[in-house]
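Chemist: Following the hints, complete the assembly by docking chain B onto the known chain A.
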Amino acid sequence: MPTVTLNKTVFEKLVGKKLPLNQLKDRISMLGTDLDKIEGNEILVEIFPNRPDMLSEQGFARAFSSFIGVKTGLRKYDVKKSGQEVIVDKSVKNIRPYTVCAIVKNLKFDDEKIREIIQIQEKLHVTLCRKRKKGAIGIYPMEAIKFPIKYMAKRPAEFKFQPLEFQKELTGIQILSRHPAGREYAYLLEGKDKFPIFIDANNEILSMPPIINSHKTGKVSEKTKDVFIECSGFDLETLNACLNIIVTAMADMGGEIYSLDVKYPEGYGTQSIATPELAPKKWNIDLKFINKLLGLDLKENEMKKLLEKMGFGYEKGKVLVPAYRADIMHQVDFVEDIAIAYGYENFEPVIPNVSTIGEEDKFETFKRYVAEILAGLSLLECETYNLTNADNLNKKMKVQLPCIEIQNAVNIDYNVLRSWMLPSLMQIFNENKHYEYPQNIFSIGNVFKENKKAETNVEEFTRIGVALCSLDSDYTKIRQIFDYLMRCLDLKVKFTDKDHPSFIPGRCARISVNGKNVAYIGEICPEVLQNWDLQTPVAAFELNLGELYELGQRKA
Amino acid sequence: MEARKLAEILHPLERKVLPLLTKISSFSGLVSKSGLKDVEVMRALQWMQNKKIIDLKEVVKKIVSLDKNGKEYVKSGLPELRFLKALKKDAQDIDAIVKKAGLDKGEVNICLGMLKKKAAITIQKEGKALKIAITSQGEKLLQKPTLEEQFLKTLKEPREVSSLGPEEKFAFDNLNARKSIIKVDIAKIKTAILTELGKKVAKEKIDATKIIDRLTPKMLVGNAWQGKSFRRYDVKINVPQISGGKRHFVKTATDYAKNIWMNMGFKEMTGTMVNTSFWNFDALFTAQDHPVRDLQDTFFIGKPKTGKLPDKKIVSRIKKAHESGTTGSIGWRYVWQPDDAKTNVLRTHTTVLSAQTIAQLKESDLPAKYFALGRCFRNETMDWAHLFEFNQTEGIVIDPDANFRHLLGYLKLFFKQMGFADARFRPAHFPYTEPSVEIDVLHPVRKEWYELGGAGIFRPEVVEPLLGKFVPILAWGPGFDRIILEYFEINDIRELYKNDLKQLREIKYWMK
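Protein chains in written order, with my numbering: chain A, 1 to 556; chain B, 1 to 512.
Don't read these hints as lab results, they were simulated from the structure. The structure displayed is predicted, hence computed values, not measured ones. Even glycine gets a Cβ: it sits at the ideal position worked out from N, Cα and C.
Here are the simulated DSBU-like pairs of lysine-lysine, each with C-alpha atoms no more than 35 Å apart in a straight line:
1) 133/A with 318/A
2) 85/B with 179/B
3) 133/A with 313/B
4) 319/B with 282/A
5) 320/B with 133/A
6) 367/A with 305/B
7) 305/B with 398/A
8) 236/B with 508/B
9) 342/B with 362/A
10) 288/A with 320/B
11) 469/B with 362/A
12) 452/A with 312/B
13) 150/A with 219/A
14) 85/B with 99/B
A few chain A positions that, by computed beta-carbon distances, are all more than 10 Å from chain B:
15) 179
16) 301
17) 489
Sample of chain B residues facing chain A (criterion: CB under 7 Å; computed from the structure):
18) 247
19) 426
20) 435
21) 502
Okay, chain A solo, but in the shape it has when bound (with noise of 0.2 Å):
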């Protein structure tokens, strides 16, 4: 989740009203955004994905300021129109198909605002514009750009600009090896054979999106009082969205906004729209379905109170969503928001009476038997995991079985998921040789096979791994628990003289139960103990857990 960080001063301003430290942190908790700190003057705060409006000082404080009831209800935007106008070319219709565009003027450009404003863009470009796969954002000063704009593709080798912070003009190829976002985003570019590029009545480029602007007509300053604003993408929904966040972030910095022409040519599928859009969507909303849902009793007008808390508007039936939320979807989105709105400790906990009846599954409590008989021969559980290595798993024990890989695993020690038990037991004796023996062990869990059969093409087996590591362990000793083991589940069982590679050759047995393989028990062979840095003698057994209770099931 994102974290911005809101300086308190602005932010007390932009809200109306200075709350005390306690409270505001209380406030800003159940206004549903995630309080991280604050500190001096920062308040730092994690933005739930669903909010790319409060990602701004301005459209937190927006928020907030509804919420403890200061300026509730809907905000109005003024929007005039500047008759300038953007072309958009066919050209683009197959690499990066969207434009949406907006002026915003007299804003009095300082550090402090340009900071805010990079701030927005760059939030918006990681969550809204996932990383810039969905639409990037550009902002130009006015004063260097001439109307109107073309939006076009070309090919990359046969333009050249200077990108921004750069000392010399490059081709749209260049960049992406040259340029650091170049370098960053170049995948986002990959394989097309023309480049997106905005570019203006004097034919200046302003900018290769989503990559980067130019320095020359894309970089605003301290001298800037008017900017020319676009998203360019795959999605108009998004574009409009992310548009309308930025446009009246800067309108609440004290901003105009205008609107221009975006004209799309014939034949392209989409007409053209004049843009920003900031007219209110209508929703209907259903008190009866808000009220079951909550378990309320709300009133009309209670709820439109509400909604109102949130920075909704409410006509009859209907809400009015400003155009800067990009998260409604249906009508169970407002219920939240009046939820959040009536406050969440004001909800009364109640269990209901349902009578439904409570059970364990079945082959839970199967291995909860089996753990507990282990537990009253003074073995002790292991809880271990299901990811391992394929050197624990193979080369350590000598043997060489597939095993499923994890494509990114983060820690090269974890990367496989185990195909057998017996390497996690042996483990663990290698991780406590500084302690007393006997050391007597058993762990039940998940191993791994691919099997085309399964929805996954990968099936899971519940075993059990049970390993004696002391002075005296043998196959006797084994061989007893494991028999015990089988009087307590009432099975007989076959065993079969079958060596296998961790194993001392001639005391290695397989076991079966109605002609079925259950499990191989014997003394682990020096090699393998040597490979764990053991120096003590282990004897062990591996169960298919799974397979013993079918065959159970089937008897019963």
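Modeler: Just chain B now, kept in the frame of chain A:
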């Protein structure tokens, strides 16, 4: 305790050692006089110290004793003297002398150096050969035993360095500078001295034949125990620790939590750890470009990379929910890719079980309540607060009459039974619930709120495709491990699954 009672408590070992203490105080003396083993005497002394019968003291002493060469020299004489004895007034060839004295090469050089320094010999070089003669000073040396010789002879028994006289000390220093003649050990000498109480106890007469130490079958058969008394025990004494087998402590807590849910009428859900993204994300209305599906959070399976989608009906409903929404919803509005949904992941939450369970439900099954408690995976670096494998406790209530207040009610009750007197709820965000809740509980010791996990009511876009129509489904999935840390007095979450056998042997049971 009075002397008589103490005397009756004495263990046979103590009874053997106690009388000796009136004469002997050194540990080694007690061992040799009692005929007991070192450990037995030590044990008896410690017990008596516990009873305040004796004062046990430990003094660190330097002890000198003969080393390998020294033992030989005591018999054959020091090499330099043997060398000197082999000399005559007339110079002789060195080889002949060495042969006569029975020395080896290493010793010869030392002898030459030492005797030359004492002016006991003269050395002449004739061609390649060395010729050596004794001086009158040398003859004098042979007239009486040297200090070193005398000192070595006293070392048949090891001696304390601090008890040596000035001449002995001189000899000690010389010999100590030489190779393997004497050795010095640091010894901790234990001495035991009877206390006033101890002296009284020692005077008590105990007839050992009248005291039974251990009851035997023979005594029972023959009635031999009658007329005798049992040695009294010091019942307040500490005994050596033992440890038994037991369930893993997290499991004991898990079983308890499962019982809470079952008592509230919840049925258990279980399932696989590897799942397709379809169940882990898509069925839970998590858009395919949602950051949570990014590589860094989720473990993706490298091979087999993909699985299969379930039956077409449910797939097409989920696709529609994402692309254009369900009843009353506009959806996420993008083109849903079946291939992305086939990608295999390790389940990031037990909520995947809820999705699978709801998909199996029929209208006649309602109302229904389910829970799960199981492993989940998050691809992150381990630290004191994070594990890449962790437990979650999941719950769903599928009930046409369920509402937000019920959700808070179930959660509050669960956390109360887990030992948290108070729980509070804050707004949160998850792609699949609306409204969403973050649960904070009051830390019982620190009296601060801390975050335990999420809950909410499933969005219609989740419920409708899975169940066929919208019914409120209350859902929660707080992390389980953090809930139990406090009880087990663990600060670092990694310690839960460290399998440190000492910890497993000693940790307390879950009792709430």
